[in-house]
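Asks: When you get a sec, could you build the whole thing from the sequences and use the hints?
The primary structure of each chain is shown beneath.
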Amino acid sequence: MKRFEFLGVLAAAFCSSASAALVPIDEAGFRKLVAGSRGKVLLIDFWATWCVPCREELPQLVKLSRRLSSRGFRLITISADEPEQQAKAELVLKQQGAPLPAYRKQAADDEKFINSIDPKWSGALPALFLFDKTGRMVRSFIGEVPMSEVEAAVTKLL
Amino acid sequence: MKRVAIFAALLATLLLGEAFGQEFKVGSTVSDFTLSDLKGNTVSFSSLRGPTTVVIFISTRCPISNSFNDRMNDIYEDYSAKGVKFVFINANANESADEVAKHAKSVGFVFPVYKDFNNVVADRFGAQSTPETYVIDHDGVIRYHGYIEDSTNPARVKRHGLKDALDAVLAGQPVATAETKAFGCTIKRVRPTS
Chain A
1 MKRFEFLGVL AAAFCSSASA ALVPIDEAGF RKLVAGSRGK VLLIDFWATW CVPCREELPQ
61 LVKLSRRLSS RGFRLITISA DEPEQQAKAE LVLKQQGAPL PAYRKQAADD EKFINSIDPK
121 WSGALPALFL FDKTGRMVRS FIGEVPMSEV EAAVTKLL
Chain B
1001 MKRVAIFAAL LATLLLGEAF GQEFKVGSTV SDFTLSDLKG NTVSFSSLRG PTTVVIFIST
1061 RCPISNSFND RMNDIYEDYS AKGVKFVFIN ANANESADEV AKHAKSVGFV FPVYKDFNNV
1121 VADRFGAQST PETYVIDHDG VIRYHGYIED STNPARVKRH GLKDALDAVL AGQPVATAET
1181 KAFGCTIKRV RPTS
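Chains as they are written, first to last, in our numbering: chain A, 1 to 158; chain B, 1001 to 1194.
Treat the hints with care, since some could be wrong.
Straight-line Cα separation of at most 30 Å, DSS-like style, residue types lysine-lysine; simulated pairs [as the list claims (entries may be wrong)]:
#1 Lys1039/B <-> Lys1082/B
#2 Lys112/A <-> Lys1025/B
#3 Lys1025/B <-> Lys88/A
#4 Lys94/A <-> Lys1188/B
#5 Lys120/A <-> Lys1082/B
#6 Lys1163/B <-> Lys112/A
#7 Lys1158/B <-> Lys112/A
No lab work stands behind these hints: they were computed from the structure.
Replies: Following this line, the structure appears as structure tokens:
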């Protein structure tokens, strides 16, 4: 019996880690992601395991996503971590119950990737980018921001 | 109608710049500003600058900034020998002068660090992240703005933005890539910038 229990734990661990695996994304993938979310209000959260404020705001973003998903809100996370931190990033997302699929930047050139998202963005984290239902970027939140401000901006677009 | 649209666009640009407070950009001249040393004394940029000056915004807590600590020491030593002056600035509201002093000692910085209280100087430069660097030439003109190197992992570095810019400025050449970007930590301001 104990052996079955152990196998069960192993299977659960395998399934959850497999489901939380980060999908690599580059500039073209980002454009596709935004285009594929038309019809929904999209908030893209750029974060990293090394970014303390990003990790602090992640649970609040997840809560917001759960509360507003039925109204057409979609939260997508993109990790700016390096490949060596991928496992840690997956663990953080799993612990927070972040929506899947989740992504990790894998661009040939970080600078081109940053510029393709918003030329005014320096690459500083945390960074949130809000898109309306037509896929147009409406605004960005760079740095720590009160969640009430994010929620107000999202709700206005729903 | 076209004239109205142009005027509106110009006004919007001015207002945006005003809101952000950014004065110093690549190609513009840096006017004097003041910082505090870690004992609380006011220090002017004009007393710190040289024929070529590097301004770097750094952090005690940002892992990205910290991944460059040894490289900043190396660049400081290599280019100080060539007459370049360095101004390392901590503009983070959540990192006190005392914390900055302890951090500098613990990581073995060979250069002084100055505090920019209320991120006044960071706002004038429009600096968003740490580490973020600027190279200023003998005329006070910003010739480079961006990263030190393009990767936190020294083994993965492909471009040496700061060194390349310094070499060009010291050789009297144009800087090939005057603006660069990389992922970093936001400067923790006393007020939000966006």
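Asks: Evaluate each hint against the coordinates.
Replies: Checked hints:
Simply put, Lys1039/B and Lys1082/B have alpha-carbon atoms about 29 Å apart, close enough for the 30 Å limit, and the pair holds. The straight-line distance between the Cα atoms of Lys112/A and Lys1025/B is roughly 20 Å, inside the 30 Å bound, and the hint therefore holds. About 37 Å separates the Cα atoms of Lys1025/B and Lys88/A, which puts this hinted pair outside 30 Å; it is violated. Under the criterion of a C-alpha separation no larger than 30 Å, the hint pairing Lys94/A with Lys1188/B is consistent with the structure, at around 28 Å.
A hinted pair counts as satisfied when its Cα atoms are at most 30 Å apart, and Lys120/A with Lys1082/B does not qualify at roughly 34 Å. Simply put, Lys1163/B and Lys112/A have alpha-carbon atoms about 21 Å apart, close enough for the 30 Å limit, and the pair holds. Between Lys1158/B and Lys112/A the CA atoms are separated by roughly 14 Å; this keeps the pair inside 30 Å, and the hint holds.
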